[in-house]
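Peer 1: Sequence:
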Amino acid sequence: MKARYQYRIYPTNQQKRLLSQLFGCVRVVWNNTLAHCQELYQQGEKKPKYTELSKRLTQIKKTTEKVWLTEVSSIPLQQSLRDLETAYSNFFASCKGERTGKKVKPPKFKKRKSKQSARFTDNGFTINQHHVTLAKIGDLKVVWSRPLPSKPSSVTVIKDAADRYFLSFVVEIQPKTLPNNGQSVGIDLGIATFAPLDTGENINAPKPLKKRLKRLKKAQRNLSRKQKGSKRREKTRKRVAKIHARIKDTRTDFLHKLYPRIFVKIKR
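Per the UniProt record's numbering: the sequence shown = residues 1 to 268.
Quick caveat, the hints were computed from the structure, so don't treat them as lab data.
Just to be clear, a hint being listed does not mean it is correct.
Derived DMTMM-like pairs: lysine to aspartate or glutamate, alpha-carbon spacing no greater than 25 Å straight-line [what the hints assert, rightly or not]:
1. 66 / 83
2. 217 / 249
3. 103 / 39
4. 218 / 160
5. 2 / 249
6. 211 / 253
7. 111 / 83
8. 16 / 163
9. 49 / 83
10. 136 / 65
11. 218 / 163
12. 141 / 253
13. 2 / 98
14. 214 / 253
15. 214 / 234
16. 248 / 160
17. 47 / 85
18. 66 / 85
19. 242 / 160
20. 55 / 45
21. 108 / 65
22. 228 / 163
23. 113 / 65
24. 105 / 39
25. 136 / 122
26. 108 / 39
27. 110 / 52
28. 248 / 234
29. 113 / 85
Keep in mind the model is a prediction, meaning the values are calculated, not measured.
Produce the complete structure using the sequences and hints provided.
Peer 2: Below, the structure is given as structure tokens:
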């Protein structure tokens with residue numbers, strides 16, 4: 001089965017500029033292609049296939065207005081088209097009732113201040129002991145918090161709203177099947193307590209989470225008072241994004257540590 005392994009990276013200032021340029025090009029390709037598909041839909045025409053959109057992108061890159069698209073690797077630009085194709089396929093399948101789960105909404109335009117990403121396939125990156133080399137970006141210093149279980153088929157470079165950079169690898173893993181000992185544990189989602197167990201134990205939410213949620217409310221109130229378009233508002237927006245990121249990290253770390261605790265109880 002496929003899994004994602006994510007690692008923190010620390011690009012240099014020059015690499016940040018190159019990544020910003022790459023993210024901008026990926027975003028432009030997505031938004032430009034999405035606008036083209038929406039325009040055709042309003043004219044009563046069908047959405048073009050990926051091959052047609054790829055040929056259109058090649059022609060756009062030859063124009064004087066968009067010649068700067070050639071300054072970045074073509075791989076993430078093509079992957080942006082594939083992502084849009086997948087988004088439309090999921091939307092159409094959801095409309096026809098061919099897809100289970102929640103209804104999938106149509107693709108939306110991407111914003112510059114939201115999370116940015118660009119995906120490279122295996123011919124666009126190389127891995128060594130301390131770095132990952134991306135096409136037309138260079139060697140990125142990686143914090144290898146854990147080894148990769150297999151050779152990755154793709155890597156996505158990500159910049160989140162808190163201005164942190166990550167590499168997310170897609171790898172093949174062999175899931176471990178635990179023996180069935182016939183035991184189980186009941187878990188309820190509480191209000192005062194995060195998760196009461198039928199064994200009588202109560203699992204509480206991590207203490208840092210409450211403090212950060214209070215800070216988030218205060219920062220959001222400050223953000224609402226700032227004038228739109230001002231430097232102070234942008235500074236406060238980044239502060240809110242960083243608090244959101246810390247809250248997400250706290251929750252993720254808590255859940256990852258909680259699963260083994262519950263499995264140990266079941267084994268007993």
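Peer 1: Now tell me if each hint is right for this structure.
Peer 2: We went through each hint and held it up to the structure:
no.: 1; hint: 66 / 83; in the structure: holds, 21 Å
no.: 2; hint: 217 / 249; in the structure: holds, 18 Å
no.: 3; hint: 103 / 39; in the structure: holds, 23 Å
no.: 4; hint: 218 / 160; in the structure: holds, 21 Å
no.: 5; hint: 2 / 249; in the structure: holds, 22 Å
no.: 6; hint: 211 / 253; in the structure: holds, 16 Å
no.: 7; hint: 111 / 83; in the structure: holds, 16 Å
no.: 8; hint: 16 / 163; in the structure: holds, 10 Å
no.: 9; hint: 49 / 83; in the structure: holds, 12 Å
no.: 10; hint: 136 / 65; in the structure: holds, 21 Å
no.: 11; hint: 218 / 163; in the structure: holds, 21 Å
no.: 12; hint: 141 / 253; in the structure: holds, 23 Å
no.: 13; hint: 2 / 98; in the structure: holds, 23 Å
no.: 14; hint: 214 / 253; in the structure: holds, 19 Å
no.: 15; hint: 214 / 234; in the structure: holds, 20 Å
no.: 16; hint: 248 / 160; in the structure: holds, 12 Å
no.: 17; hint: 47 / 85; in the structure: holds, 10 Å
no.: 18; hint: 66 / 85; in the structure: holds, 22 Å
no.: 19; hint: 242 / 160; in the structure: holds, 9 Å
no.: 20; hint: 55 / 45; in the structure: holds, 18 Å
no.: 21; hint: 108 / 65; in the structure: holds, 24 Å
no.: 22; hint: 228 / 163; in the structure: holds, 20 Å
no.: 23; hint: 113 / 65; in the structure: holds, 23 Å
no.: 24; hint: 105 / 39; in the structure: holds, 18 Å
no.: 25; hint: 136 / 122; in the structure: holds, 14 Å
no.: 26; hint: 108 / 39; in the structure: holds, 14 Å
no.: 27; hint: 110 / 52; in the structure: holds, 22 Å
no.: 28; hint: 248 / 234; in the structure: holds, 21 Å
no.: 29; hint: 113 / 85; in the structure: holds, 23 Å
Going down the numbered hints, you'll see the structure goes against none, and every one checks out.
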